[in-house]
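Visitor: Residues per chain are reported as follows:
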Amino acid sequence: MNPGREQTMTADGASRPDTTPPAIRLVGVSKHFGPVKANRSIDLSVRQGSIHGLLGENGAGKSTLMKVLFGMMRPDAGRIEIGGRPAAFRSSADALAAGIGMVQQHFSLIGKLTVAENLILGRATSGFVARWLRPLDLESARARAIELSERLGFGIDPSARCETLSVGARQKVEILKALWGGATTLVLDEPTAALSPPDAEELYALLQNLRREGTTIVLISHKMPEIMRLCDRVTVLRDGAVAGEAEIPRAFSDPAERQALEARLVRLMIGRHRPEVPSRSSHIWPTVLSVRQLSDGQRFGPIDLDVKGGEILAVVGVEGNGQSQFVELLIGLRKAAGGGIALDGRDITDMTTLKRFQSGIAHIPEDRHRLAVADGMSLVDNASIGFIDGAPFAPTSFWLSRHRRARFAAGIVRRHKVRASSVEAPVTSLSGGNQQKLVVGRELSRAPRLMIAAQPTRGLDIGSTGAVHEALIGLRDHGAAVLLLSLDLTEVFTIADRIVVFRQGRIVGETTAADADIDRIGRWMSGVDEEARQ
Amino acid sequence: MSNLLTISLVISALHLALPILMPMLGGLISERSGVMNIGLEGMMLIGAFSAVLVTYFTGNPWLGLVGALASGVLSGSTLALMTVTLRGDQVVASAAINLIGAGLTAALIPVIWDVDGLTPSVEKIPTIRVPMLADLPYVGRIFSSLGMVDYACLALVVLVWWVLFRTDAGLRIRACGESAESADAAGIPVVRTRFLAVVASGVFGALGGAYLSIVTLDMFQASMTQGRGFLALAAMVFGKWRVWPGALACIAFGFADAIALRAQILWRDIPHELLIALPYVLALVALATFVGHASGPAGVGKPFARA
Chain W
1 MNPGREQTMT
11 ADGASRPDTT
21 PPAIRLVGVS
31 KHFGPVKANR
41 SIDLSVRQGS
51 IHGLLGENGA
61 GKSTLMKVLF
71 GMMRPDAGRI
81 EIGGRPAAFR
91 SSADALAAGI
101 GMVQQHFSLI
111 GKLTVAENLI
121 LGRATSGFVA
131 RWLRPLDLES
141 ARARAIELSE
151 RLGFGIDPSA
161 RCETLSVGAR
171 QKVEILKALW
181 GGATTLVLDE
191 PTAALSPPDA
201 EELYALLQNL
211 RREGTTIVLI
221 SHKMPEIMRL
231 CDRVTVLRDG
241 AVAGEAEIPR
251 AFSDPAERQA
261 LEARLVRLMI
271 GRHRPEVPSR
281 SSHIWPTVLS
291 VRQLSDGQRF
301 GPIDLDVKGG
311 EILAVVGVEG
321 NGQSQFVELL
331 IGLRKAAGGG
341 IALDGRDITD
351 MTTLKRFQSG
361 IAHIPEDRHR
371 LAVADGMSLV
381 DNASIGFIDG
391 APFAPTSFWL
401 SRHRRARFAA
411 GIVRRHKVRA
421 SSVEAPVTSL
431 SGGNQQKLVV
441 GRELSRAPRL
451 MIAAQPTRGL
461 DIGSTGAVHE
471 ALIGLRDHGA
481 AVLLLSLDLT
491 EVFTIADRIV
501 VFRQGRIVGE
511 TTAADADIDR
521 IGRWMSGVDE
531 EARQ
Chain Z
1 MSNLLTISLV
11 ISALHLALPI
21 LMPMLGGLIS
31 ERSGVMNIGL
41 EGMMLIGAFS
51 AVLVTYFTGN
61 PWLGLVGALA
71 SGVLSGSTLA
81 LMTVTLRGDQ
91 VVASAAINLI
101 GAGLTAALIP
111 VIWDVDGLTP
121 SVEKIPTIRV
131 PMLADLPYVG
141 RIFSSLGMVD
151 YACLALVVLV
161 WWVLFRTDAG
171 LRIRACGESA
181 ESADAAGIPV
191 VRTRFLAVVA
201 SGVFGALGGA
211 YLSIVTLDMF
221 QASMTQGRGF
231 LALAAMVFGK
241 WRVWPGALAC
251 IAFGFADAIA
261 LRAQILWRDI
271 PHELLIALPY
281 VLALVALATF
291 VGHASGPAGV
301 GKPFARA
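From first to last, the protein sequence lines stand for chains W and Z.
So the first sequence is numbered by the numbering used here: it starts at 1 and just counts up by one.
So the second sequence is numbered by the numbering used here: it starts at 1 and just counts up by one.
Please keep in mind that the hints were generated in silico from the structure rather than gathered at the bench.
There may be inaccurate statements among the hints.
[As the list claims (entries may be wrong)] With a straight-line cut-off of 30 Å between C-alpha atoms, the simulated BS3-like cross-links for lysine-lysine are:
{"hint": "1", "chain 1": "Z", "residue 1": "Lys302", "chain 2": "W", "residue 2": "Lys37"}
{"hint": "2", "chain 1": "W", "residue 1": "Lys112", "chain 2": "W", "residue 2": "Lys335"}
{"hint": "3", "chain 1": "W", "residue 1": "Lys37", "chain 2": "W", "residue 2": "Lys308"}
{"hint": "4", "chain 1": "W", "residue 1": "Lys335", "chain 2": "W", "residue 2": "Lys308"}
{"hint": "5", "chain 1": "W", "residue 1": "Lys112", "chain 2": "Z", "residue 2": "Lys302"}
{"hint": "6", "chain 1": "W", "residue 1": "Lys335", "chain 2": "W", "residue 2": "Lys355"}
{"hint": "7", "chain 1": "W", "residue 1": "Lys112", "chain 2": "W", "residue 2": "Lys37"}
{"hint": "8", "chain 1": "W", "residue 1": "Lys335", "chain 2": "Z", "residue 2": "Lys124"}
{"hint": "9", "chain 1": "Z", "residue 1": "Lys302", "chain 2": "Z", "residue 2": "Lys240"}
{"hint": "10", "chain 1": "W", "residue 1": "Lys223", "chain 2": "W", "residue 2": "Lys417"}
{"hint": "11", "chain 1": "W", "residue 1": "Lys417", "chain 2": "W", "residue 2": "Lys37"}
{"hint": "12", "chain 1": "W", "residue 1": "Lys112", "chain 2": "Z", "residue 2": "Lys240"}
[To be verified] Chain W stretches covered by chain Z per the calculated footprint, using a threshold of three residues with CB under 8 Å from any CB of chain Z:
{"hint": "13", "region": "131 to 140"}
{"hint": "14", "region": "318 to 326"}
No residue lacks a Cβ here, since even glycine has one placed at the ideal position from N, Cα and C.
Using the sequences and the accompanying hints, generate a full structural model.
Guide: Rendered as structure tokens:
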């Protein structure tokens, strides 16, 4: 490794060779929420026309830092310079005016509005009377959207309502929107989190096109491959502070050099080496879950699927291709229009959700706030939700023992290393990752025959992710079946034994993890093979 | 004779529809910006009362109308302060406006006029005759029954539709109603936009109330709005938060009201309470049947605060 290329972060980027001022320079930015220090005196300098990676685990402070930069939050201390001039943004409008565009982690498009309407939203600088009386010039907005998207190498229908677009297309509209006001610096927060591999590829190409045109890009990510591939320079954040910085050469002469750099970045990011993944078990028990010709009478199914005991079956696919319908059908939140579901040979198709849980299903929901926790209630209450017949908490089903429930919650907190001030604290006081650990712990304590884990590690850092993976693998090793729904293919390859691909509510491909080929899965997910056949 | 009857039915339906149409527009503006306003009934009562109060002391119904609009600004600002600025619960806050509106107006009648329940008559807003229109055969009667206020109200329907759905300001308001966070990220001042929208809804509510007290009638009576503020909300839902379908629903309510009044005279044996209930029954039936699943702007009811 070339030591001269690296530079541990000192006060600022004083050793920069060129004299053009950095596109963005943050000096000593600090921001805290109550006792939590999200950013601790962060210094960051982004070269003009480069792609600068911001690498860090969830909760490392990346998003907070970028919200400060974009004027959505005010820092407690520190200053911002844009193109060498000090800036004090009071709102995102100020940041937009200074040429900074931001693509948020959560989509900021309004689904009910069309692409063109979303693009011009809030951008008109016309006077009071014109704003209230003159008709919107949607026609020229449409024309400009088409022109801009074609220049960047993709097509878009500006009259389509955003809610009808695919995730990949929406991501591109987000970028268009950020560039619309003439932004010269683009901040992207985890842009590929919800994208399928082919969509992510298109996004990478788009970002490279933008760099060629001279746009400065800050890429927030915790995905090592995309940082290594796209970025010119990377800053690693850990626990709200800068852990280190490194220059990434466009081409590595030696693969070992690349690996060494990657290992170093991971170490900086998590403070230790990458956790080991436990080995796969080979023992397969009889079928636990058996699904036959299951459909919901709308867009889902019919599908056939078996999950054996001692097996982790991963369902992958682009978000919105029937995964959530499948889970809802399995746990009884959605009524099956046809087909049957059997658990350990027993027909559960017409059972209520409670009966299904009692028969041995556990469920880690994808949408934590909607289905998994009651935000305002305490850890104790949330840990015992779902055990409503009182079984583990009292001798009869007519009352619940406070003491036993508290002990139960404390057990989950201890076993799963949930960081909480007390078990009586409301769940909202926990970070997202810790909430998820509580949910996972609760569902594991059901000792299920079938664990339905939908995005179980979304929002978790590497350490917690490893713990969840170990727990799922432990379940499998004891003969339970695990159904894993995940958008993270790395996760799927790490722990799954078998993989099925959903597209438009049907199974379009199946493979064992050992023979899995990421390109083939990507083609199944995006449906290019089907289109080619037609 | 039957012809005459139809025309006069249309006239009375129109006059009965306008005091529902105005608060409907108010509710629409408010909800499109993301604030639920079930306080329109109270705002109407305060507007109706203020109109009579100012007219009584000045003798000028036009000043009474201005007073009503000012009361709308006040009641709208109160609700906006509670819900938008202080981020209180929108249902509770606007229900409070209803209670205050009904209670305060009823309590002030004896204080000011020393009578109970009913104020003395005041000057009404006059109708004006537009020569060309009023001379048309058949429909001329409709036009000759309309006043400046009626024409202004109809123009307001067009204006609200145009602003909300055709202009930049309307796009901003609707964005705040769909997703305050997205609107904020696009640089739109969400709090200010919502505040203004709620104030506007107060003004429209008050206008509907004033229409009842100094255009249709010439006095204020306790609880004289008789749930029109709620009918307006029902009309807004029927119209799925759009101006023209909502306006049509208001006109349908107007017709139901007019038919009920007419039937009261023609068939005296039907209990008139049943007939008065007609528009409300219509609203219930419509809500339960053909309106189907209607979902309003996604951001309604969610207070907005920056982190």
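Visitor: Indicate, hint by hint, whether the structure satisfies it.
Guide: Quick rundown of the hints versus the structure:
no.: 1; hint: Z/Lys302 / W/Lys37; result: 28 Å, holds
no.: 2; hint: W/Lys112 / W/Lys335; result: 28 Å, holds
no.: 3; hint: W/Lys37 / W/Lys308; result: 46 Å, violated
no.: 4; hint: W/Lys335 / W/Lys308; result: 24 Å, holds
no.: 5; hint: W/Lys112 / Z/Lys302; result: 17 Å, holds
no.: 6; hint: W/Lys335 / W/Lys355; result: 14 Å, holds
no.: 7; hint: W/Lys112 / W/Lys37; result: 37 Å, violated
no.: 8; hint: W/Lys335 / Z/Lys124; result: 61 Å, violated
no.: 9; hint: Z/Lys302 / Z/Lys240; result: 19 Å, holds
no.: 10; hint: W/Lys223 / W/Lys417; result: 24 Å, holds
no.: 11; hint: W/Lys417 / W/Lys37; result: 20 Å, holds
no.: 12; hint: W/Lys112 / Z/Lys240; result: 13 Å, holds
no.: 13; hint: 131 to 140; result: holds (count 6)
no.: 14; hint: 318 to 326; result: violated (count 0)
Violated hints, in rising order: 3, 7, 8 and 14; the structure is consistent with all others.
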